[in-house]
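Visitor: The lines below spell out each chain.
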Amino acid sequence: DGGITQSPKYLFRKEGQNVTLSCEQNLNHDAMYWYRQDPGQGLRLIYYSQIVNDFQKGDIAEGYSVSREKKESFPLTVTSAQKNPTAFYLCASSSSTGSYEQYFGPGTRLTVT
Amino acid sequence: RKEVEQDPGPFNVPEGATVAFNCTYSNSASQSFFWYRQDCRKEPKLLMSVYSSGNEDGRFTAQLNRASQYISLLIRDSKLSDSATYLCVVNRMNNFNKFYFGSGTKLNVKP
Numbered sequence: 384d385g386g387i388t389q390s391p392k393y394l395f396r397k398e399g400q401n402v403t404l405s406c407e408q409n410l411n412h413d414a415m416y417w418y419r420q421d422p423g424q425g426l427r428l429i430y431y432s433q434i435v436n437d438f439q440k441g442d443i444a445e446g447y448s449v450s451r452e453k454k455e456s457f458p459l460t461v462t463s464a465q466k467n468p469t470a471f472y473l474c475a476s477s478s479s480t481g482s483y484e485q486y487f488g489p490g491t492r493l494t495v496t
Numbered sequence: 833r834k835e836v837e838q839d840p841g842p843f844n845v846p847e848g849a850t851v852a853f854n855c856t857y858s859n860s861a862s863q864s865f866f867w868y869r870q871d872c873r874k875e876p877k878l879l880m881s882v883y884s885s886g887n888e889d890g891r892f893t894a895q896l897n898r899a900s901q902y903i904s905l906l907i908r909d910s911k912l913s914d915s916a917t918y919l920c921v922v923n924r925m926n927n928f929n930k931f932y933f934g935s936g937t938k939l940n941v942k943p
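From first to last, the protein sequence lines are chains A and B. Letter by letter, the first sequence follows residues 384 to 496 of the numbering used here. Letter by letter, the second sequence follows residues 833 to 943 of the numbering used here.
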């Protein structure tokens, strides 16, 4: 079954700690994205990557970092510099050709106390 | 002005009703259009792409009006299971395949 996996589903951390969220896809998509969703709000773009070893800041990149060493993987690190890290984090991917539809992983719900 | 605007609702309708959602987008260079469904505390899931000629999938019909920069979703014969938030999404290929999301319209279908 092709799809996007994110782990873990729930994550709890103490303030001041960095945390890395995993995202893997086997859809052979070139483009991958990280979004953040706060309660009752829309999705906001954190980082995106069009190809391996290249990524760009989205609208709210401060306090986050990413890497894209493999086509299948796009991990997101939430650093201690992120002021309000508690949120629902969604990873997505899309093809660069054809229908351009975007597909999402199940998300990671991060709580920082 | 937001890239994509939707009425947040909620729309409270009885089972069997027909309900319509509208969405406007600000950039005429937008190229692809989609409706996603998001259940509470879950990821968005693609409901349907929206084509210029309009398209239908069972009880769902999507329309696009490029001149007015307007997208619609019609749900006929609403089911309890249709209760969710519906996201309007547009895509624009500049130097990258970037997606712009509306904040969503919440639908509650009541028995």
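Source of the hints: derived by calculation from the structure; they are not laboratory data. Keep in mind that a hint or two might mislead.
Said to hold, decoys possible - Below, in silico cross-link-like pairs of lysine-lysine (DSSO-like), each with a Cα-Cα straight-line distance of 27 Å or less:
1) Lys911(B) with Lys397(A)
2) Lys942(B) with Lys466(A)
3) Lys930(B) with Lys440(A)
4) Lys911(B) with Lys466(A)
5) Lys874(B) with Lys392(A)
Visitor: Hints the structure violates: just list their numbers, smallest first.
Guide: 1, 2 and 4
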